[in-house]
Structures are given as C-alpha cells and as structure tokens.
Amino acid sequence: MALQGVDEGASRTRILGWAELEGVAAFSQLHAEGHALYMRDEGFRAACREASGWVLAGRLSEGREPTEAQVDCAVRYLLAERPLFIDTPAIVEAEASVFCYHRPPAFLHRLYARELVRHPGPGQGFAVITPADVDGAGSQRPVGTR
Numbered sequence: 001m002a003l004q005g006v007d008e009g010a011s012r013t014r015i016l017g018w019a020e021l022e023g024v025a026a027f028s029q030l031h032a033e034g035h036a037l038y039m040r041d042e043g044f045r046a047a048c049r050e051a052s053g054w055v056l057a058g059r060l061s062e063g064r065e066p067t068e069a070q071v072d073c074a075v076r077y078l079l080a081e082r083p084l085f086i087d088t089p090a091i092v093e094a095e096a097s098v099f100c101y102h103r104p105p106a107f108l109h110r111l112y113a114r115e116l117v118r119h120p121g122p123g124q125g126f127a128v129i130t131p132a133d134v135d136g137a138g139s140q141r142p143v144g145t146r
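If you count by this note's numbering, then the sequence shown holds residues 1 to 146, one letter each, in order.
Any given hint could be a false lead.
Said to hold, decoys possible - Now the in silico label distances, taken between C-beta atoms and shown as ranges:
#: 1; residue 1: His109; residue 2: Arg76; range: 16 to 24 Å
#: 2; residue 1: Ala113; residue 2: Glu81; range: 13 to 21 Å
#: 3; residue 1: Glu65; residue 2: Gly17; range: 16 to 24 Å
Since the hints were made in silico from the structure, they are not lab data. All C-beta atoms, glycine included, are put in the ideal place defined by N, C-alpha and C.
With the hints as constraints, model all of the structure from the sequences given.
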C-alpha cells in the first residue's frame, strides 16, 4: 500500500548494508560527527543515553533497568544509525529520503522537531509507520479510526 504510485524502476533500488555504508564518505563523516557531538555536548549525550536506555528497557524482563555498560553499548548502535536519521540523501546521493520507524524513541521526535544540536539535512524526512486495521469487508483503515 505504501509503495502505490511509486516509480517501480528496479534500476533505482539499492540495498546498502553496514559494510557498504562504512565505505561512503558522507556516512563516515556523519558518523564521526555524531561521536564528536556525543563527547562534547551534554544535552546530545543525555538524549542519546535516554533513547538507548528506553530501547533496552523494552527488551529486559519487567522491573529490570539497563546497566550503564548496556547503555554505553547501545549508544554505539544509535550513533551508527544516526547518519541515516540526519542525511540519507547525502549518503545515497538522492534528492530526498524518508526514514521510517514503527516505534520511534523520543530522540527521533526531538531530532526532527529540530530540538537537538544537529538538525536533519535538506530532503531528509521522517515517518512513523502504523499498522492498518482490516475490517470484515477487507478494506483497510488506519488503526484507531471508525
């Protein structure tokens, strides 16, 4: 449904894994920038740690809190993903890109609301994906609508 009306030209489709991304200069620069911001900006560091802790808490058994060491490890993953939040168009040499997430942490909402120290680049969008509800007649409607 989400791809209806989108140009289906296979020649424009690329899948980039981490190994390919690390070889892209724009990705490497944005990744290094994220680490530098984490080290020098207390507000950015706190936002990264809060987001990483939130993700971890959702994976731990009830009543358990992530340890500082677990948060430290999870922050590395967040900082590795950050270039894709900030400027995928520069990374893949496209005019625009939309980063889609099903359960975004507050960090992403703050990033795209331009509340953090570094803002997304031009052409970088963000969408929250929600499942469609199918009624008895087989038609789809957004969850929560009647």
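To see whether the hints hold, each was checked on the structure:
1. His109 <-> Arg76: 16 to 24 Å: With a Cβ separation near 22 Å, His109 and Arg76 satisfy 16 to 24 Å, so the hint holds.
2. Ala113 <-> Glu81: 13 to 21 Å: holds (18 Å)
3. Glu65 <-> Gly17: 16 to 24 Å: 32 Å Cβ-Cβ, so the 16 to 24 Å window is violated.
Hint check: a violation occurs at hint 3 only; the rest are consistent with the structure.
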